[in-house]
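Chain B: place on chain A using the hints.
Each protein sequence line maps, in turn, to chains A and B.
For reference, each letter of the first sequence is one residue, going 1 to 165 in the working numbering.
For reference, each letter of the second sequence is one residue, going 1 to 165 in the working numbering.
Errors might be hidden in some of the hints.
Calculated pairs, BS3-like style, for lysine-lysine (alpha carbon to alpha carbon, straight line, at most 25 Å) [unchecked claim]: (1) B:Lys26 <-> B:Lys15; (2) A:Lys41 <-> A:Lys72; (3) B:Lys127 <-> B:Lys67; (4) A:Lys30 <-> A:Lys15; (5) B:Lys120 <-> A:Lys148; (6) A:Lys30 <-> A:Lys127; (7) A:Lys30 <-> A:Lys41; (8) B:Lys15 <-> A:Lys92; (9) A:Lys127 <-> A:Lys23; (10) A:Lys148 <-> A:Lys120; (11) A:Lys92 <-> B:Lys23; (12) B:Lys92 <-> A:Lys120; (13) A:Lys15 <-> B:Lys72; (14) B:Lys127 <-> B:Lys92; (15) A:Lys92 <-> A:Lys127; (16) A:Lys67 <-> B:Lys92; (17) B:Lys30 <-> B:Lys72; (18) A:Lys30 <-> A:Lys148; (19) A:Lys23 <-> A:Lys72; (20) B:Lys15 <-> B:Lys30; (21) A:Lys127 <-> B:Lys148; (22) B:Lys15 <-> B:Lys92; (23) B:Lys30 <-> B:Lys41; (24) A:Lys127 <-> A:Lys26; (25) A:Lys92 <-> B:Lys120; (26) A:Lys72 <-> B:Lys92; (27) A:Lys92 <-> B:Lys72; (28) A:Lys148 <-> A:Lys67; (29) A:Lys26 <-> A:Lys15; (30) B:Lys41 <-> B:Lys92; (31) A:Lys41 <-> A:Lys26; (32) B:Lys120 <-> B:Lys72; (33) A:Lys148 <-> B:Lys72; (34) A:Lys92 <-> A:Lys15; (35) B:Lys26 <-> B:Lys41; (36) B:Lys23 <-> B:Lys67; (37) A:Lys23 <-> B:Lys127; (38) A:Lys72 <-> A:Lys120; (39) B:Lys26 <-> A:Lys120.
Since the hints were derived computationally from the structure, they do not count as laboratory data.
Source: prediction; values computed, not measured.
There are 2 protein chains.
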Amino acid sequence: MTTKTLENLFHETLKDIYYAERKILKALPKMARAAQSEELKAAFQHHREETQGQIERLQEVFELLGKSPRGKTCEAIDGIIAEGEEIMDEFKGSPALDAGLVAAAQAVEHYEIARYGTLKSWAELLKMTNAVALLNQTLDEESATDEKLTALAEGTANPTAIEAA
Amino acid sequence: MTTKTLENLFHETLKDIYYAERKILKALPKMARAAQSEELKAAFQHHREETQGQIERLQEVFELLGKSPRGKTCEAIDGIIAEGEEIMDEFKGSPALDAGLVAAAQAVEHYEIARYGTLKSWAELLKMTNAVALLNQTLDEESATDEKLTALAEGTANPTAIEAA
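Isolated chain A, as found in the complex:
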């Protein structure tokens, strides 16, 4: 048994987020269909396109690492998405639905922000300059998406939820 290194840890975490991104790619159209406001539908559709680009960037990082792109079950994202689906079921037809969908999406974004922040700092240590740039680009996109969701919550989803209360 050989001792595991930071490069092993980086690779394992890369597989985790690769699985997560592909799962998110599948979940977003369902969230867009469920959303009540046009703004939120559009935001989920836009983020789906962005996610496609993020998956391609991860494939490049695998290549830089000399590994083939392969995911491994990420129980965290499975749980986060399952909770989002529960909200969709339980709050279907409720004026609070969009507020719940935004909250579910922000839990997803924060998971990604944590993982990309970690991966970026490890890539720096491993002197993988090109990987740092790729991971940083996605990290910026995830942070921007999180801020956009906050604006959407404040501008539309939350007021709709409370006005009807």
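Positioned in the frame of chain A, the structure of chain B alone reads:
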């Protein structure tokens, strides 16, 4: 069947984070035992005490809502913690272990930051002024813990992981 309101959504999310906090309380001593550096052990022990206070704040928020404190299974935190346990098993004895533990803890913090941020904004809409103050206090603590973990990663855990590589 009555239409679900923002108050229902707030209550459901409160039950989710209440379960999560109690699960984290149980996970932290295990993470402290696994940590290799004294600094990281101390950080997990300190955060355990903080978590105890956060649970008490949540009990106060339940009271303000006129509900008894009760959790409901949060698949997200179950998944996040399961991934942390996997790191503990797979990287036991590796110089990269602490880097992995910090990453796992930051995934937990980000989940909490997302949930408390959402709960705080909903409490504002519901004009639950005292709940806003309680949730904000915890949100500040979680953000500070996340920053402390980043400092620990940069100062100790990551250098240890890379020096041995």
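Evaluated hints:
1. For the suggested pair B:Lys26 and B:Lys15, the alpha carbons sit about 17 Å apart, so the restraint of at most 25 Å is met.
2. For the hint linking A:Lys41 to A:Lys72, the alpha-carbon distance of about 29 Å lies beyond 25 Å, and the restraint is violated.
3. Under the criterion of a C-alpha separation no larger than 25 Å, the hint pairing B:Lys127 with B:Lys67 is consistent with the structure, at around 17 Å.
4. The straight-line distance between the Cα atoms of A:Lys30 and A:Lys15 is roughly 24 Å, inside the 25 Å bound, and the hint therefore holds.
5. Taken as a hint, the B:Lys120 and A:Lys148 pair is honoured in the structure, with Cα atoms around 17 Å apart against an allowance of 25 Å.
6. Between A:Lys30 and A:Lys127 the CA atoms are separated by roughly 39 Å; this puts the pair beyond 25 Å, and the hint is violated.
7. Distance check on the hinted pair: A:Lys30 and A:Lys41 sit about 10 Å apart at the alpha-carbon level, within 25 Å; holds.
8. A hinted pair counts as satisfied when its Cα atoms are at most 25 Å apart, and B:Lys15 with A:Lys92 qualifies at roughly 19 Å.
9. Note on A:Lys127 and A:Lys23: the hinted pairing is violated, with a Cα-Cα distance of about 29 Å set against a maximum of 25 Å.
10. Between the alpha carbons of A:Lys148 and A:Lys120 the distance comes to roughly 23 Å, so the proposed pair stays at or under 25 Å and holds.
11. Distance restraint check for A:Lys92 and B:Lys23: the Cα-Cα separation of roughly 29 Å exceeds the 25 Å cut-off, and the hinted pair is therefore not satisfied.
12. Distance hint between B:Lys92 and A:Lys120 is fulfilled; the C-alpha atoms sit about 23 Å from each other, no more than 25 Å.
13. Pair hint A:Lys15 plus B:Lys72 does not hold up; C-alpha atoms about 30 Å apart against a cutoff of 25 Å.
14. Under the criterion of a C-alpha separation no larger than 25 Å, the hint pairing B:Lys127 with B:Lys92 is inconsistent with the structure, at around 48 Å.
15. The hinted pair formed by A:Lys92 and A:Lys127 fails the criterion: a straight-line CA distance of about 48 Å is larger than 25 Å.
16. Between A:Lys67 and B:Lys92, the direct Cα distance comes to roughly 24 Å. Compliance with the 25 Å bound is thereby established for this hinted pair.
17. Proximity of B:Lys30 to B:Lys72 is assessed by CA-CA distance (about 23 Å); at most 25 Å being required, the pair is judged to hold.
18. Pair hint A:Lys30 plus A:Lys148 holds up; C-alpha atoms about 19 Å apart against a cutoff of 25 Å.
19. Between A:Lys23 and A:Lys72 the alpha-carbon distance is near 11 Å, which keeps this suggested pair within the 25 Å criterion.
20. Under the criterion of a C-alpha separation no larger than 25 Å, the hint pairing B:Lys15 with B:Lys30 is consistent with the structure, at around 24 Å.
21. Between A:Lys127 and B:Lys148, the direct Cα distance comes to roughly 24 Å. Compliance with the 25 Å bound is thereby established for this hinted pair.
22. Between the alpha carbons of B:Lys15 and B:Lys92 the distance comes to roughly 34 Å, so the proposed pair goes past 25 Å and is violated.
23. The hinted pair formed by B:Lys30 and B:Lys41 meets the criterion: a straight-line CA distance of about 10 Å does not exceed 25 Å.
24. Between A:Lys127 and A:Lys26 the alpha-carbon distance is near 33 Å, which puts this suggested pair outside the 25 Å criterion.
25. Among the hinted pairs, A:Lys92 with B:Lys120 is consistent with the structure: their alpha-carbon atoms are about 23 Å apart, no more than 25 Å.
26. Restraint check for A:Lys72 and B:Lys92: satisfied, since their Cα atoms lie roughly 20 Å apart, inside the 25 Å limit.
27. Taking the CA atoms of A:Lys92 and B:Lys72, the gap is near 20 Å; set against the 25 Å cutoff, the hint holds.
28. About 34 Å separates the Cα atoms of A:Lys148 and A:Lys67, which puts this hinted pair outside 25 Å; it is violated.
29. Proximity of A:Lys26 to A:Lys15 is assessed by CA-CA distance (about 17 Å); at most 25 Å being required, the pair is judged to hold.
30. Of the pairs offered as hints, the one joining B:Lys41 and B:Lys92 holds, with about 15 Å between alpha carbons and a cut-off of 25 Å not exceeded.
31. Under the criterion of a C-alpha separation no larger than 25 Å, the hint pairing A:Lys41 with A:Lys26 is consistent with the structure, at around 15 Å.
32. With a C-alpha separation of about 19 Å, the suggested pairing of B:Lys120 with B:Lys72 holds against the 25 Å cut-off.
33. About 29 Å separates the Cα atoms of A:Lys148 and B:Lys72, which puts this hinted pair outside 25 Å; it is violated.
34. Distance restraint check for A:Lys92 and A:Lys15: the Cα-Cα separation of roughly 34 Å exceeds the 25 Å cut-off, and the hinted pair is therefore not satisfied.
35. Distance hint between B:Lys26 and B:Lys41 is fulfilled; the C-alpha atoms sit about 15 Å from each other, no more than 25 Å.
36. Annotation: proposed proximity of B:Lys23 to B:Lys67 holds, straight-line Cα distance about 21 Å (limit 25 Å).
37. Under the criterion of a C-alpha separation no larger than 25 Å, the hint pairing A:Lys23 with B:Lys127 is inconsistent with the structure, at around 36 Å.
38. For the suggested pair A:Lys72 and A:Lys120, the alpha carbons sit about 19 Å apart, so the restraint of at most 25 Å is met.
39. Proposed proximity of B:Lys26 and A:Lys120 is contradicted: the alpha carbons are some 29 Å apart, above 25 Å.
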